[in-house]
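For reference, each letter of the sequence shown is one residue, going 464 to 1033 in our numbering.
These are calculated hints, taken from the structure and not from any lab test.
Each hint should be verified, as a subset may be incorrect.
Computed Cβ-Cβ distance ranges for the label pairs, DEER-style [to be verified]:
| # | residue 1 | residue 2 | range |
| --- | --- | --- | --- |
| 1 | His862 | Asn946 | 33 to 39 Å |
| 2 | Lys763 | Val820 | 57 to 63 Å |
| 3 | Ser617 | Arg756 | 40 to 46 Å |
| 4 | Arg756 | His862 | 30 to 36 Å |
Every residue, glycine too, gets a C-beta built ideally from N, C-alpha and C.
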Amino acid sequence: MSFIGRRASSGRFARDSLVNNDLVHSINPEVYQRKYVFEVAWEVVNKVGGIYTVIRTKAASTVEELGDRYILIGPLNEVCMRTEVDVAEPSNEALKRTIKAMRDHDIKIVFGRWLIEGYPNVVLFDIGSSAWRIDSWKKELWESCNIGVPVHDSECNDAVIFGGLVAWFLKEFAENAQELETDPQPPIIAHFHEWLTSIGLIFSRTRHLPVATVFTTHATLLGFDLDKEAGDRNIYHRYCLERAGVHCAHTFTTVSKITGLESKYLLRREPDVITPNGLNVIKFAALHEFQNRHALAKEKLNQFIQGHFYGHYDFDLDKTLYFFIAGRYEFQNKGADVFIESLARLNHHLKQAQTDVTVVAFLIFPAHTNSFNVDSFRAQAIVKQLRETVNSIQCEMGHRLFEVCLRGRIPQGTDILTQGDIYRLKRCIYATQRNNLPPICTHNVVQDNIDLVLCNLRRCQLFNDRHDRVKVIFHPEFLSSTNPLLPMDYEEFVRGCHLGVFPSYYEPWGYTPAEYTVMGIPSVTTNLSGFGCFIEEHVEDPKSYGIYIVDRRYQSCEESIQQLTKVTEL
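Modelling step: build the complete structure from the supplied sequences, incorporating the hints.
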């Protein structure tokens, strides 16, 4: 079953044999207004990457248009479900019957409202409750498409189970809707995102369900030499599933022209529509508060920096700029290699110019860690103690000053600051002395000797030396307001920074620069990202909007690094 007949699998996907185009285009407009839309994605109530943002930001406007006829479908993540879903029973009778029918077969389904803007309906399938059906669904996939799924690929096995459940759900719902709705039956549209959901689409088509299908790819799996690349990486079966989903769909869309070109040559089908990812700009619309929010967030960052660099804190925070890069830990795809190299050159240029400007660069990528760095915790504790001591003395000084003035005399120095206060301050000041350099990483990274970020920081000799004008902090964990070291959520952190740097080598769209633009934060992107290409094509002077585009398509890596260094020097 794990063997895949490549010739057979590459020639099985013919849209015309599966699509009744006359039926698709003959729907009465009045009937179409009663349509049901099911959006299927692996990241529904399950934050993994950018698709989670796509779904969240479109939910409110989609619910406004479709109401309760818009239903999101995803796999059950118990941890996320407990905090993000208001569990309830469906009010729609067809949905109620469908869920009951599947529960009668011991399938665990959670229905409720996702606690995001728009409050959309969600259906979440527990994959584990249907694991015993995987062999029959694998057999069906092989017989219909000649695609075999190896036993050792657990992610793909989960996708098979999820796809089987989605197709089963759509079949049950279509039958119940047909029975309950007045003639003619309202159309059912199922929108599938990425290859992980493609099996549900494939089964919907091969079983000839009365469902119109849309498949959106946000990024393709492969490079240029398809069969070789897929075979070398043992993901040929994944590529086949992705390609089958693309060719079986009634409508195929991508999020950018870059992904559209990839699909044309890698998946052998051009997208019918390019749908650039959007943002709910109302969420960020606080133009009159931009400066206030920036100042508040920057103050929190300043406090963290004061602690992290204690003993070497000899730079002016009013002349300090905060740069950052963040995302999935894809070192070259996200352009972290280019960013680190440009930081090293920027550090050299600033030292040569003998400037008093300091740059603190944050690198936020989730890596495998076992604990916080003890030195980082100790640093924050020491500075916290100093801050509390100073605040206490300041309060006592105020009381003493008031008492002296109340007695009608001018205060002397000894009236304000006592000998005991001086001793307390000396103890705290002596505690802030350190012999070692401030750490370049806030956590203990497992196998840090082979970690790409740490290895490149060491190679470029970015060690947070006292004379360095560029300081670096690698935070190998996503930000959270509950983090004891840096208690800020991602949006608040971004508002406190001065520049987001995303010199991506591969980025089908790239949400982050767009988000920072609407928050008033300048950002760097590239012409190899979907967003960068979109801005280049539609905006005459991107720099005036705070968007800097680095050329990584037509320049060498060295030239791109030089260009990025010039941007950061501005």
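Self-check item: Numbers of the earlier hints that this structure fails to satisfy, in rising order
Solution: 2
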